[in-house]
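A.B. asks: The hints should help you fit chain A onto chain E, whose structure is shown.
Protein chains: 2
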Amino acid sequence: MTFSTLQKIVLASGNPGKIREIQAILAEHPIVPQSEFNVVDVEETGATFVENAILKARNAALHCQLPAIADDSGLVVDALNGAPGVISARYAGVGASDRDNVDKLLRELDGVPDELRTARFICVMVFMEHAYDPCPVIAQGVWEGRILDHAVGENGFGYDPVFWVPEQQCASAQLPAAVKNALSHRGQALKRLTALIKEREAA
Amino acid sequence: MTFSTLQKIVLASGNPGKIREIQAILAEHPIVPQSEFNVVDVEETGATFVENAILKARNAALHCQLPAIADDSGLVVDALNGAPGVISARYAGVGASDRDNVDKLLRELDGVPDELRTARFICVMVFMEHAYDPCPVIAQGVWEGRILDHAVGENGFGYDPVFWVPEQQCASAQLPAAVKNALSHRGQALKRLTALIKEREAA
Chain E
1 MTFSTLQKIV
11 LASGNPGKIR
21 EIQAILAEHP
31 IVPQSEFNVV
41 DVEETGATFV
51 ENAILKARNA
61 ALHCQLPAIA
71 DDSGLVVDAL
81 NGAPGVISAR
91 YAGVGASDRD
101 NVDKLLRELD
111 GVPDELRTAR
121 FICVMVFMEH
131 AYDPCPVIAQ
141 GVWEGRILDH
151 AVGENGFGYD
161 PVFWVPEQQC
171 ASAQLPAAVK
181 NALSHRGQAL
191 KRLTALIKER
201 EAA
Chain A
1 MTFSTLQKIV
11 LASGNPGKIR
21 EIQAILAEHP
31 IVPQSEFNVV
41 DVEETGATFV
51 ENAILKARNA
61 ALHCQLPAIA
71 DDSGLVVDAL
81 NGAPGVISAR
91 YAGVGASDRD
101 NVDKLLRELD
111 GVPDELRTAR
121 FICVMVFMEH
131 AYDPCPVIAQ
141 GVWEGRILDH
151 AVGENGFGYD
161 PVFWVPEQQC
171 ASAQLPAAVK
181 NALSHRGQAL
191 KRLTALIKER
201 EAA
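First to last, the protein sequences are chains E and A. According to full-length UniProt numbering, the first sequence is numbered sequentially starting from 1. According to full-length UniProt numbering, the second sequence is numbered sequentially starting from 1.
Simulated from the structure, these hints should not be mistaken for lab results. Among the hints, a few may not be true.
In this list, chains with the same sequence are indistinguishable; a pair is considered to hold if it fits within one copy or across any two.
[Said to hold, decoys possible] Calculated cross-link-like contacts (lysine to aspartate or glutamate; reagent style EDC-like; alpha-carbon spacing at most 20 Å):
| id | residue 1 | residue 2 |
| --- | --- | --- |
| 1 | Lys198 | Glu21 |
| 2 | Lys8 | Glu21 |
| 3 | Lys104 | Asp78 |
| 4 | Lys180 | Glu144 |
| 5 | Lys104 | Asp149 |
| 6 | Lys8 | Asp149 |
| 7 | Lys8 | Glu108 |
| 8 | Lys198 | Glu144 |
So that you can see chain E by itself, here it is in the shape it has in the complex (with noise of 0.2 Å):
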């Protein structure tokens, strides 16, 4: 490992929430969002979570000269064999609203019985020591659940109104957001990605 604490760690993503996550976590290195280097998003063309959050991290770290880190994540229905997968955020086309990509999976899912509409949140995060980096520090997180018939809750994004929590005994967008990043795949990825960039450094 050549970085060292206190070298910045650029971020690729303009979500102040996850900034301040990462940020507690990861104490010793201050983290900066992409927008403060006017970075423009990369396009997400990769077929996987884990292919998609090395291109956006290797963006990063390209335009910044600093290490990145970046995530993918999605919703895993298996009643749909695996969508709407890395295309979650635009399910029912470009531009799409969470309001439309929530409406067109509860169309595609519409009949379909209870216990076959288990579903997962998927995050894969990923650090990056510079845009060549051959060894991405590669996490994942899932989180499991079941398609509800049709929306509750005003917390959360995306899904959340639809993703039914089993062990919370609600759904996602019902929870605190303090509860939700304690559970959820973004949660769990992040804790697990800081543990091994520690590790990586200690090496």
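C.D. replies: Only chain A this time, still in chain E's reference frame:
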């Protein structure tokens, strides 16, 4: 997990040693080499080990219509800022022999003192349930060592004659195959991958 035990898995490699090793651990799945299906090798255009492993697994899964396992591996040398990395097998040029690659590595490290010749073999193995699997199972193995200043030993292949293994006090090419397989980056990745595949099957 929609694939069941007894389901064949194709291996994106023609190496009989790798096939035997994987078959021994994943006993409930017949492992078949992609050569049985006349699969044409895909070009390794990735800049990371995991991207190349995914390219190979996707290619095999697509052509064989079966779940697929692939790996990509290489040598990462600190004093060379990570080279030869993903181009380890063609470090001295396309079609280079093991000897050409080793000679180039020794030239590049000429004069670098022992304590700065740290290096590691890295292997990333992936399992894809089908060619469009958005979330491959990914396992990594790392084998730490140091680059010698001359080649020794007759076993193994690639950079084994110049890779000093501290815990065995000899070069990788001086280890019997069984010892190497138990310690090596590839052995570690394979053990992790098979454990993760079994977890996914059980889920």
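A.B. asks: Are any of the numbered hints broken by this structure? If so, which, sorted upward?
C.D. replies: Of the numbered hints given earlier, those the structure breaks are 6, 7, listed in rising order.
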